[in-house]
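Chemist: The hints should help you fit chain B onto chain A, whose structure is shown.
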Amino acid sequence: MKARVTVTLKSGILDPQGKAIEGALKSLGVDGVASVRQGKVFDIELSGSDRAKAEAALKEAADRLLANTVIENYRVELL
Amino acid sequence: MKSAVLVFPGINRERDMARALKLISGKEPAMVWHAETSLPEGTDLVVVPGGFSYGDYLRCGAIAARAPIMNAVRDYASKGGLVLGVCNGFQILCESGLLPGVLMRNAGLKFICHDVHLRVERSDTPFTRGYNAGQVIRVPVAHGEGNYEADEETIKRLEGEGRVLYRYCSPDGVVDERHNINGAAQSIAGIVNDGGNVLGMMPHPENHVEDIMSCTDGRGLFAGLVQHLEKAA
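Here the protein sequences line up with chains A and B, keeping their order.
The first sequence lines up with residues 1 to 79 when you count with this note's numbering.
The second sequence lines up with residues 80 to 312 when you count with this note's numbering.
Hints in this document: simulated from the structure, not taken from any laboratory.
Backbone N, C-alpha and C define an ideal beta-carbon position, used for all residues, glycine too.
Please note that a few of the clues may not be correct.
[What the hints assert, rightly or not] Computed spacing ranges between beta-carbons, pair by pair: (1) A:R75 x B:R201: 38 to 46 Å; (2) A:S49 x B:K106: 53 to 61 Å; (3) A:E45 x B:M292: 48 to 56 Å; (4) B:G176 x A:G32: 36 to 44 Å; (5) B:A114 x A:K19: 34 to 42 Å; (6) A:D63 x B:G89: 23 to 31 Å; (7) A:K10 x B:E115: 51 to 59 Å.
So here's chain A without its partners, still in its complex pose (with noise of 0.2 Å):
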C-alpha cells in the first residue's frame, strides 16, 4: 500500500524559506504569485493491507516524528 504525509506549517508561523522563493518567483516575472509556504512530502511503502491500522501507523509516524506539531500540520493519505 502506498500513502503520502504531507507536512506544512500552521498559519502565523513566519517561513523566511517560502518568503524567498516568493521573491525568486516574483523576479522571474511568473504572473499572479500571492505568496509562498514550503512545507515536506514523504512517499510511503506500508507492508499489508489493512487500511485502518495504516493510517493509525502513519498518524503515529507523523506525530511522533515526521511533524512537528508545534509549528507544522500534517495530512495522511492512502493511495
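Modeler: Okay, now just chain B, sitting in the frame of chain A:
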C-alpha cells in the same frame, strides 16, 4: 562535577565542550554514544553539544531527539538532573520535548558565525550563578536555525516565570531588534524548562573559556555549575 557529553553522528563541537568542562571542573567528562541506553552512574551534568546531528535531516535535532540515549536523559531530567544543550543541543532538547518551542530558520536566512553579546537576565540559577544579573557577556554563535519561536502562551509563560536566562543584546546590554541576530521571539538566546534544571542556548560559551580564545566570558556558566554542585553536595 561529573559531566557526560552526548555524541551523535554529525555532532562536531563535543571536543570543544569536553575541553571546557575539563578545564573548569578539573574532571574529564564521559563521552556517551547516542546508542547507549543509560548515563554513567553519578552524572552531575548532561551536555548536548553543538554540530549537525544527522546532517540536520528532516528538522534540526529531530532524529537525534529520538535516539536511545534520550530516554535516559528524559528520565534523568525528570528527577531534577542538570542538562545543558548548546546550539544543535538546544534544537535537540526542543525536539525531544524537554524544552518548549522550536528553533526556526534565521529571519535573515543567513548562517550567522561571529561573536554576539548576551545579557544575563538573572543570576539565581545553576546556569547563571557565575554571572551578575544584567551582566553582558561576549560569546560566539554559529547557526542557521536559531530563531526561537513558540506560541504566544508559551512565550508569556517563559517571560512570566523568568525562564529566559540569556538574551541577544548590544555591547552595553540594550535588547532591541537591531541586535536580535536571528529574529528570535523576545531576543531569546537561552531558556530553561519549568523545573529550572534544563537549559538550552544557541551561543557557544564553551568557545570563550581560555585566554587564547581572546575572551573568557563563557567560563562563568561552567564555573557557576561547579559552584552550584559543590554547594549542593
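Chemist: So, for every hint listed, does it hold in this structure?
Modeler: Hint check results:
Taking 38 to 46 Å as the suggested C-beta distance range, the pair A:R75 and B:R201 conforms, at roughly 43 Å. Between A:S49 and B:K106 the Cβ separation comes to about 57 Å, which falls inside the hinted range of 53 to 61 Å. Take A:E45 and B:M292: their Cβ atoms lie about 50 Å apart, and the range 48 to 56 Å holds. In this structure the hint that B:G176 and A:G32 lie 36 to 44 Å apart at CB holds, the actual value being about 41 Å.
For the pair B:A114 and A:K19, the supplied restraint of 34 to 42 Å holds, since their beta-carbon distance comes to about 39 Å. Distance hint for A:D63 and B:G89: a CB-CB separation of about 24 Å, consistent with the stated range 23 to 31 Å. Roughly 35 Å separates the CB atoms of A:K10 and B:E115, a value that falls outside the hinted 51 to 59 Å.
Of the hints listed earlier, the one the structure fails to meet is number 7.
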